Amino acid sequence: MNITDMTAVQLSAAIKEGKTTAVEAVEAVLARIEEEDKKYNCYVTVDREGAVAQAKKVQAQIEAGTLQGPLAGVPVALKDNLCTEGLLTTCSSKILYNFVPTYTAEAVKNLTRAGAVILGKTNMDEFAMGSTTETSAYGPTRNPRNPEHVPGGSSGGSAAAVAAGECIYAIGSDTGGSIRQPASYCGVVGMKPTYGTVSRYGLIAYGSSLDQIGPLTKDVTDCAAVLEALSSHDERDSTSIARDDTDFTSALTEDVEGLRIGIPNDYLGEGLDAEVKEAVLRAAEVLEKKGALVERFDLSLVDYAIPAYYTIAAAEASSNLERFDGIKYGYRAKEYAGLHNMYKKSRSEGFGEEVKRRIMLGSFVLSSGYYDAYYLKALKVKALIKKAFDEAFAKYDIILGPVAPTTAPKLGESLTDPIQMYLGDIYTIAVNLAGLPGISIPCGQDGKGLPIGLQMIGDCFQEKKLIRAAYTYEQGAV
Amino acid sequence: MSREYETVIGLEVHVELATKTKIFCGCSTAFGAAPNTQTCPVCTGMPGSLPVLNRQVLEYAIAVGLATNCDITRYAKFDRKNYFYPDNPQNYQISQLYLPICRNGGVEIETADGGTKTVGIHEIHMEEDAGKLIHDEWEDCSLVDYNRSGVPLIEIVSEPDMRSAEEVIAYLEKLRLVIQYLGASDCKLQEGSMRADVNLSVRETGAKEFGTRTEMKNLNSFKAITRAIEGERERQIDLLEAGESVVQETRRWDDGKGESYAMRSKEDAQDYRYFPDPDLPPIRVSEEMLAQIRAKQPEFRGEKRKRYKEEFGIPDYDIEIITGEKPLADLFEATVALGSQPKKVSNWLMGETLRLMKERETDASDLRFSPENLAKLIALTDQKAINSSVAKEVFEVMFEENIDPEAYVEEKGLKTVNDEGALKKVIEEVIAANPQSVEDYRNGKEKAIGFLVGQTMKAMKGKADPGAVNQMLREMLS
Amino acid sequence: MANIISDETIEYVGILAKLELSEEEKEQAKSDMGRMLDYIDKLGELDTADVEPMSHVFPVQNVFREDVVTNGDEREQLLSNAIQEKDGMFVVPRTF
Chain A
1 MNITDMTAVQ LSAAIKEGKT TAVEAVEAVL ARIEEEDKKY NCYVTVDREG AVAQAKKVQA
61 QIEAGTLQGP LAGVPVALKD NLCTEGLLTT CSSKILYNFV PTYTAEAVKN LTRAGAVILG
121 KTNMDEFAMG STTETSAYGP TRNPRNPEHV PGGSSGGSAA AVAAGECIYA IGSDTGGSIR
181 QPASYCGVVG MKPTYGTVSR YGLIAYGSSL DQIGPLTKDV TDCAAVLEAL SSHDERDSTS
241 IARDDTDFTS ALTEDVEGLR IGIPNDYLGE GLDAEVKEAV LRAAEVLEKK GALVERFDLS
301 LVDYAIPAYY TIAAAEASSN LERFDGIKYG YRAKEYAGLH NMYKKSRSEG FGEEVKRRIM
361 LGSFVLSSGY YDAYYLKALK VKALIKKAFD EAFAKYDIIL GPVAPTTAPK LGESLTDPIQ
421 MYLGDIYTIA VNLAGLPGIS IPCGQDGKGL PIGLQMIGDC FQEKKLIRAA YTYEQGAV
Chain B
1 MSREYETVIG LEVHVELATK TKIFCGCSTA FGAAPNTQTC PVCTGMPGSL PVLNRQVLEY
61 AIAVGLATNC DITRYAKFDR KNYFYPDNPQ NYQISQLYLP ICRNGGVEIE TADGGTKTVG
121 IHEIHMEEDA GKLIHDEWED CSLVDYNRSG VPLIEIVSEP DMRSAEEVIA YLEKLRLVIQ
181 YLGASDCKLQ EGSMRADVNL SVRETGAKEF GTRTEMKNLN SFKAITRAIE GERERQIDLL
241 EAGESVVQET RRWDDGKGES YAMRSKEDAQ DYRYFPDPDL PPIRVSEEML AQIRAKQPEF
301 RGEKRKRYKE EFGIPDYDIE IITGEKPLAD LFEATVALGS QPKKVSNWLM GETLRLMKER
361 ETDASDLRFS PENLAKLIAL TDQKAINSSV AKEVFEVMFE ENIDPEAYVE EKGLKTVNDE
421 GALKKVIEEV IAANPQSVED YRNGKEKAIG FLVGQTMKAM KGKADPGAVN QMLREMLS
Chain C
1 MANIISDETI EYVGILAKLE LSEEEKEQAK SDMGRMLDYI DKLGELDTAD VEPMSHVFPV
61 QNVFREDVVT NGDEREQLLS NAIQEKDGMF VVPRTF
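Protein chains in written order, with our numbering: chain A, 1 to 478; chain B, 1 to 478; chain C, 1 to 96.
Hints are computed from structural coordinates only; laboratory data are not their basis. It cannot be assumed that every hint is accurate.
Said to hold, decoys possible - Some, not all, of what chain B presents toward chain A, calculated at C-beta under 7 angstroms: (1) P41; (2) P47; (3) G48; (4) L50; (5) P86; (6) Q90; (7) E267; (8) R273.
Stated by the list, open to error - Subject to a maximum C-alpha distance of 25 angstroms in a straight line, what follows is the list of computed BS3-like cross-link-like pairs (lysine-lysine): (9) B:K304 / B:K174; (10) A:K386 / C:K30; (11) B:K344 / B:K463; (12) A:K334 / A:K94; (13) B:K343 / B:K392; (14) B:K174 / B:K257; (15) B:K344 / B:K358; (16) B:K412 / B:K384; (17) A:K334 / C:K26; (18) A:K277 / A:K289; (19) C:K30 / C:K42; (20) A:K464 / A:K395; (21) B:K188 / B:K132; (22) C:K86 / B:K132; (23) A:K387 / C:K42; (24) B:K458 / B:K384; (25) B:K415 / B:K461; (26) C:K26 / A:K94; (27) B:K447 / B:K458; (28) B:K296 / A:K387; (29) C:K42 / A:K334; (30) B:K461 / B:K424; (31) A:K386 / B:K77; (32) A:K39 / A:K94.
All values reported here derive from a predicted model rather than from experimental measurement. Glycine included, every Cβ here is placed at the ideal spot set by N, Cα and C.
Next comes chain A alone, as it looks inside the complex:
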C-alpha cells in the first residue's frame, strides 16, 4: 500500500478500515514533500506541525465514529490565495510576504468539516495572474511529468503537488482557466464549478466576477467528492447561490447514452497542436462509442473572449489589488517621503511585473474617457458570449474540446511575450465569462510524454452531466 499513490476515496476507506491512520497518511505525504519538493517547488508553505496535529484530531473523530465521508483524514494542499487562519498566505507575492490571515476561507472550512488535513499552501502565479506559475515571487514550480516544463498556472503548485504525490488532492482557483489548464499540463483532473457554487469568502480576489474555487484530483471520483464538500451557500458571499443539487458523487455513473456533445470547430482550428487535436478527437470517439451523440458545430465569438476577458479581469484586479497599500498588512517600502510615495514605493516593490502590467491596463480601461470604449464594451461582448453559449446549450448537453492549444511549454518560454501567453487561454477563458462549469481530464500524452487535457463544458448548474461524462470516459479510457 503506497499512500501517496492513493486517491482520497481510497485513502479515507483505508483509514476507516483501520489499514492505516490519518497520522500515518499525513506523515507519508510530508515525507514525500520532504523528498520531492526541492525538485518541483509546489509549496510556498508546508505546515508540518499543524498537519500532524490536525491528523491526530481527525483520527480520533474517525475512531469515535463522528467523522465519516470520503475526505476524512485525507491530506490536502491549498492554493496560497485561500485565507487560512494562523497560516501564512502570500498569493505568491512579495507584497503579502508576511501576511497571516485572522480567518479561514469558507471553502476551506467546508473541507475541514469534512475531515481534511491541511498540509500547506501551494505556489501559484502571483495573485493568480499567469499561466505558468513562473510569476510567483517564490520561484517557479516545475512540472513533475517533466521538470524542464512548467506545470501551467495559475494553480500550478496545486496541480504539480497532485501529480507529484505531494498531496492526495489539492484546491485551486480558476479565473480564466487557472485550474483546468494546470490540471491538463500535469495530467490530473481539475474542475471549475458554476460561478456561485463555492463561496469566495476568504479567496483573495483577482477578478471577482470570474473567480471560482475548485478541486484538482487524481481522478473523477475524487473530483466529485471534493467538489461536493467544497460547495455551500454562504451568506457572507453575496454571489453565492443556494443549490440543492450539489450531491455530485451521485453522478459517478458510467452512462452517456443519448448525451448530446458538441465540438466547436473554432476549438480545433489554427494554433492547436496536432497531437493535442488528435487526442481530444480520440476521446470524443470513446464517448461516442459509449452512446453519446457527438457532432461538430460553430460556436461564435471565440476570438473575442480573450480581449473581453483581459479587459474585465484587469479592471477588477486593478481595484481588488488597491487594498495592498503598505498599511494594514504585508510589505511596506523601507524608505519613502510622505503618504503617496509610500503607496507607490510599497506597491512597486511589492508587486511583480505581470501584476503591475495588469493593474496598469485595468486602471487605464476604467479611467475617465476610456470606460465606455473599453470596459463597457467588454461587458457587452461578455453578454454576447453568454448568449452564444446559451444557444449552444439549447442543442448540446456538453461542449467538448481541448483545454489548451499545446502541452506544457518549457520554463522561460512564455513570459517574454505576454499576449502570446494570454492566447494560450483561448479555450478556457469564455467559460469564466459565462460563469459555466468546466472540467479538465487527462486524455493521453504527446510524443514528449507530456500530458494532454480534455475539456468538457456544461451549461450552468450542469456539473453532474460533466462528472457523468468524465467518469464514463475515464472508465473507458483505462
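Could you slot chains B and C onto chain A? The hints should help.
Showing chains B and C alone in chain A's frame:
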C-alpha cells in the same frame, strides 16, 4: 462693484443612517467605542473579505427618497469609487454612480419673501463612510481608526437651485426634519451625522449659463455654511472682477480663519474609475417592497401641524416649535397620550425644556426625561401636591437624570403642606413678626400681602401652595 | 501599433494605480499597453449597440443581511498584521 452677481448653489448632503450595524458587515455603529474595536475583515479591507448589504440601509434610503418625492430606481447597483487614502481601507469606496437608488425628487422650502420654492434633488445614493484619521501629537504621523469605516451613508445631491445661504439653511432644515421624522438619522451637523458639501458658482444676474463651480468641504455647522457661502461668493466675484477665472476644484473651509483653500495635489487625480461592484448583486425594488416601506412612512410635519391644531388646540407658535424637532413632537404626543392636558405639556416643553436645552447647549434628541415622568409631574401640580416653583426644581433634576418625580418629591419631602392647622400656626407667627406689613395691608397697600405670602412660603420651606397661603392670610387679616 | 501610449499617459495611470515605474519599466509598459489595447480594439468589430452590458452573469439579486450586530471586538486580530501600530490604531505617514 460695478456688476450685479447671482450665487448659484447646489448641495451634496451626506447623512449617516441610524442602523445598528454597518452597511456591509455585522459590526456595531455605536458611537464612542475605543479605536478599532468595532471592526471586522469586511470593513477593514482584509484580503478575501466580501460585502453583504444591510437591508435596513436600503429601506431607509428608499424611505427618504419617497419622502422627498424621488423616483425610486427599480434596478439599482453598487459601484466602486477608486481612490487611495488611509481612511479608506480597500482604497475603493462602495457607492452608487450609474444606477443610484433614488432620482428626480425635490422638496419645498420657504423663501425670504414669504413664498415657497422647490429645490430639486438630482439623486440619492447609498455608500459607506470612511474611517477616522487622527493626528499624532508627538510624532510626524497620522493614526487610523476604522470604527466609522462602513457606517452607512446616503448622499443627497441637489440640483443647483439655491441662490442664497438662507435658502441653503432652509433646505438643510427641511431635509433634517424629514429624515428625523423617518427615524433614518438623527442628522446632527456637529457630530457629523449630517454633512454638507457646497457647490457654488456665481454669474452675472440675468446670465443664462452657470459659472465655473467649486466644491467646499468641512462645513460642520449652519453658521460655518453661511460664512463659507459668503466667503466663497466674494472670492469668486473678486476673481472675476480682476479678470481672472474660477478654477473648478475642491476647497476646504477653515471656519476659524474664515477662508478656504484648495485641496488639490498632483497625486489626487480625481479620476475615480467607477465600475459596477462585482461582489454585490443588483437590487430589484419590487412593488411589494415599495408598498411595505410606504406603509411604514410616518406622519410628516405638515400633517402633524394640521392634526395638532384640530386635535389639541394648542397655539400655532407652540405647534411650530414642537413639530420642528421630532423628539419634541414624540415627547409631546406620548405625554398627552398618558392623559396630560395638551396645553400643560406644551407649556413644559416650550418653557422649561427649551430654556434648559439652550442653557446646557443640548439637542432635542439628547432629551433624557420620559413622557411618563413628565405626565407624573404635571399630575403632581394638577393635584396641587407641589407648587410651581417646586415643580420647576423637580423638573430640572428630571431633565438631567430622568428621575421619577413622585418618588423624588416624596423622598425630599417637597410636598405642599395641606395641613390647615400647621399652616395657620405659621401664618400667625408671620403676622406677629411683621406688624408693619400687616399695618400697611390694612391701610390698603395691596403689595404688602405679597411680602407676607413670601415670608410664609419661606417659613414653610416652599412646601405650601402660594394661592392657599394668600387666601388664608387675607381671611386672617380681615 | 495603432495605440501609441504617451509618457504622460503612463505617468497618469501610475498616479491612479499608485505604481512608480523605472524608466525601463515605463518603456516596457508603454509598449505592452499599446499592444494590449490594439488587441482589445478587436472588440470594436462587434456591433453591440443594442446589447446591455453584463456586469453580473447570473440574475441573482436582492441579497441582504438583517440589521443585527454579529461582530464583537476584533481589534487584536485586526492589528496582528499591522505594519506599524500605536494606541490601537494603524500608523501612516502624516496625511495633512
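To test your reading of the hints: which numbers does this structure violate? 10, 14, 28, 29
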